[in-house]
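Protein chains in written order, with our numbering: chain A, 1 to 472; chain B, 1 to 472.
In case anyone wonders, no lab produced these hints; they're calculated from the structure.
A few of these clues could be false.
Where chains are identical, the list cannot tell them apart; a pair therefore holds if satisfied intra-copy or between any two copies.
[To be verified] The calculated lysine to aspartate or glutamate pairs, modelled on EDC-like cross-linking and capped at a C-alpha distance of 20 Å, are: (1) 107 - 217; (2) 202 - 229; (3) 202 - 238; (4) 60 - 86; (5) 60 - 70; (6) 110 - 327; (7) 107 - 11; (8) 107 - 414; (9) 110 - 11; (10) 110 - 16.
Remember, it's a predicted structure, so these values are computed and weren't measured experimentally.
2 protein chains.
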Amino acid sequence: MSTGPVQGMRDFLPVEVRRRHFLAERFRGVYERYGYDPIDTPALERLEVLLGSGGQDNEKLIFKVMRRGEALDRALASGGSEALAEEGLRFDLTVPLARYFAEHRAKLPKVFRRYHMGPVWRAERPARGRYREFWQCDVDVVGAAAPLGEIDVILATTDALAAVGFDGFSVRLNHRRLLAALLGALGVDKDLHASAVVAIDKLDKIGTDGVARELRERGIADEAVTRFERLDLAAARDVPAREGIEVLARMLVGLASEGGSIDAAEVESALGEMRQLVGALSAVRGDRLALALDPILARGMGYYTGAIFEVAAEGVPFALGGGGRYDGLIGRFQGQSVPAVGFSIGFERVLVVMSERAMFPQSLGALDVYVTVFAPDMLDDALRMADGLRTLGLRVVVPVDRGSLKHQLREANERGARFALVVGPNERDAGAVQIKTMASGQSVTVPRDQVGPRLVAEPDEGAEGAPPAVSE
Amino acid sequence: MSTGPVQGMRDFLPVEVRRRHFLAERFRGVYERYGYDPIDTPALERLEVLLGSGGQDNEKLIFKVMRRGEALDRALASGGSEALAEEGLRFDLTVPLARYFAEHRAKLPKVFRRYHMGPVWRAERPARGRYREFWQCDVDVVGAAAPLGEIDVILATTDALAAVGFDGFSVRLNHRRLLAALLGALGVDKDLHASAVVAIDKLDKIGTDGVARELRERGIADEAVTRFERLDLAAARDVPAREGIEVLARMLVGLASEGGSIDAAEVESALGEMRQLVGALSAVRGDRLALALDPILARGMGYYTGAIFEVAAEGVPFALGGGGRYDGLIGRFQGQSVPAVGFSIGFERVLVVMSERAMFPQSLGALDVYVTVFAPDMLDDALRMADGLRTLGLRVVVPVDRGSLKHQLREANERGARFALVVGPNERDAGAVQIKTMASGQSVTVPRDQVGPRLVAEPDEGAEGAPPAVSE
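So that you can see chain A by itself, here it is in the shape it has in the complex (with noise of 0.2 Å):
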C-alpha cells in the first residue's frame, strides 16, 4: 500500500509546519494589530452555498462529501434526480465569509474587520507549485466605504508582509469602472469586456502585437482593437500613481473626444476614489510604498466592483498578494449590497520565497537542552533538571529509550540541540554538572544551580522565532 499523502496534497516535515506557523503568526499579529477579528468556519459547506450565483465555473473545483446510509442509496436508486452529494471542502474563505456575515450578522460590528487563515481545497490538476489543498491568507472589511477600506486593507497588508521580512513594497491599483470605461471608450462591445480583458492581461508577456492579434480572434471590432494600438499606456503606468490617475483622465477625455463612449460622472467618482486611495497611502508610507496605476490591471475575479490592487516586494517578480472590492458578494445571501473590500496575501507562494531565500530564522524549532542520563538510576534526576529548565523557556528533551552516553549524544547531535547535559558520578558527587556545547565540543563543568542562568544567558542570534514561554 502506498503510504504517500493522497495526490496534489501535502505532509509537512516539522521546519515546514514551524515554518508555516511562524508565518501566520506573524501575519496574525500584524491583523491583531489592525483590530481585525479571527473567525472561522467549517472546511464543508452545502453545495448550494458554494455553488451560488458563482455558478458552474465552480462545480468542478469541488471535493464533493457522498452522502451515506439510506441517503446514498435513494439516490443511486433515483437515477439521477437526487443527488450523491449536498455537501463539498470549500474551495476558498470569500464564499463562507458571505454565509458567516448573513448568518452572525446581528453578533458582529457593524463594521466587521476580519481575517480568515486556513485550508481550502480545489479538485484541480496538480501541477508545480498548484496544489489541491493549500493555505488562503484573506483580510476583509466588511461595512467599508471606498476608499477607507481599502486603505486600511493595503496597509494591513503590507505590513502583514513587513513582518515577515519583506521591504521595498509597490502597489499595482486600478478600478473595475476605470477599466470598464477605458474598454467602453476604446469601442469594445460591453459582451465582450470579460473577453478583452483576457487578451490585454497578456500584453506584459506578448506585446501590444500580440494582445491586438488576440483582440481581433476574439471578436473584438476592428476600430476598438485600432485604438487599443495606439493608446501609450506606459505613459500611465511607468510614473507614479499620482501622475498615472491624471494621464488616464486625460486618456479617456481624449478617446470620448475620437468618439468613443464614455460615462464623465461615473469616471469621475472612480477617479476621484483613487486619487484619495493614493493620496492616503502617499502620506502614510511616503518612499516606503510605491504606488502605480495599471489601467490594464484586471484580476480575473469576476467579483470585482471597485479599486482592485496587487503588492510587491522588492526582488520578489510576481505579485505577494491582490484584492479589491466587492460589493456586490457578501450581501448575496441576503438580498442586499454590503460593501466589502478584501486583500489576500499567497500564503503558500510567500512560503516558498522566504524558503527559497532563507528569510525564516535558522533555529527555528531548534533545541536549545539534552539532558543525558548517565545511568538508569539518574533518571529522575535528569527529569527534575529537565523540568527547571523548562520553567526558564528552554527547550529540553530527556532520552526516552535507554541507550549508552555516547548513543545519547548522537541525538542530542541529530536533534541540534545546543547544549548537553551530563551529570557522571564524579558530577553527582560534586553537585556539578558538565555543559557541552555541541557545535564546539567543548565542556564546562559548573555548580548546579548555575546551570539555569548560565545557559539562558548564552546568547542564540536565530531563535526569534521561538515559542513564547509560559510566564509570557
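Dock chain B against the given chain A, drawing on the hints supplied.
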C-alpha cells in the same frame, strides 16, 4: 437558503477563535519546550489508509469524497464493482501519523516526538458537545521504550494543561497486560475480555451488582462473575498508585491461588513498568501530581498494548485527556512493530471547561486604541498616528466609514477599545491629542509625542493573551 453551517459543524465567532488559538498556542509552547516536533497531514486520506486494519468499524464514521468526472461515471455504470469514493476526511490524527511515519521515516529522528493539533471529521449523529468537525491535540513518542515514553508524554501533557490554568492534576493509570491478567485470573474467557471490559467500565455508574448482572448477560461464566463480586477493587483504586500496584499484585496472586490462570512473568514485567513509571513521576512532581492505579481502567480503544492513563484536574469531574502505549499501530504500514505511546488532550472539552469557568484572559483580542478622524482632511494624520502606535505593539483601529465623531466613539465602544484618541482643530493647532479612557469616559490632553509612551504604560491586566509584537 439557510445560512447556517452544515449540520453538526460550527462557525466560530471571533471570541471563540481567539480562545481556540490561545489554547493551541499555549499547548504548542509546552510541546516545543519538551522537544516535540509539529507535523501536518492533509484533511483527506485514501480510504484504504483510513480503513486499514481498523476494519469496518470506522467506515461509517468517514465522510467520503466522491470521485469526479469520468471516474465517477465509470463507477456509477459498474453497478457497484467500482467504488464511488476512494478518499475520505481523516477521523483521527493517529492513522495519519502511522502513514506519515512510514512515508518519511528516513527524514525523521530515530526517536520521533511529535505533536499534531488540527481538525478531524466524523459522520456521527451530532449531539450536545459532539460535533462532526472538532479538533484533536495529540503528542506521541514513536520509538520510545516503556516506561520512558510514558513519563515524557505524561509530564508534557500535565504541563500543557497547567499552561492554560489548570492545576491539582491526578493521573489514573492502568496497564493493558495487567487488565488482561486480571480478567484471565477471574476466569473470563479470552474471547469475552472486550465484552467484559465494557460492563466493568460502568462500575462507578451502576455499582458492583449492576456490573455483575451485565457480565452475566454478556455470557461471562458465573464463577468469574462471583470472583469479580468478591474483589476489593477500592483497596487498589483509592490509595496512592505506589500502594495500589502492590495491592493489585497481591490480588492477582490471590486469584491465581484460587485456580485462576495467570502468566506470572508477563504480570511481573507489567508491574515493573508501572513501578518505574510511578516512581519517576513521583520523584519529579511529588505532591503536585496525584497518581492512582485503576485496575479496571480500559479506555475503549482496542489498539493499546501497554500502560494506559487519563488525566484529571482539580474540580473537573471528568478526564481532560487520555492516552497509552500502542506498539502495534504505527508500524502497520511497514509490517513491523514500532513502539509508540501517546497522550491526547480533549481540546474541545478543555475549551468548554475553560469558557464556563472564565479561565481565558478577559481582554483576549480587545482593542487598545481607536483613533477617531475629526474631519475628512485629518484622515492622513490619523492614519500616521495609528501606524506609529502599532509599532509599539498596540492594537489600533482607524474608522473605515465616514461618520460623525459620535458615531465613531460608538464604534470604539462597541469594539471594546480601551482608549479613543481625538484630534480636533484645537488639539491640532496645539500639537496635542485628547486621550479618552473609554471605561471612565475621562479625557486628558497630552502633547503628541507623549501619546505612545502614555498608552503603553497604562496597565491592561487581562492582556496576557495578546499576540506578540513584530519586534519580538
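For each hint, the structure was consulted:
1. 107 - 217: Neither way: residue 107 and residue 217 sit 52 Å apart in one copy and 52 Å across, limit 20 Å.
2. 202 - 229: Within one copy, since 14 Å is at most 20 Å while 83 Å is not.
3. 202 - 238: Only inside one copy: residue 202 and residue 238 sit 17 Å apart there, 77 Å across copies, limit 20 Å.
4. 60 - 86: Result: close both inside a copy and across copies, 14 Å intra and 17 Å inter.
5. 60 - 70: This pair counts as between: shortest inter-copy Cα distance 12 Å, intra-copy 26 Å.
6. 110 - 327: within (15 Å within a copy, 54 Å between copies)
7. 107 - 11: Answer is between; shortest inter-copy Cα gap is 12 Å, intra-copy 37 Å.
8. 107 - 414: Close across copies (11 Å), not inside one copy (51 Å); limit 20 Å.
9. 110 - 11: between (40 Å within a copy, 18 Å between copies)
10. 110 - 16: between (38 Å within a copy, 19 Å between copies)
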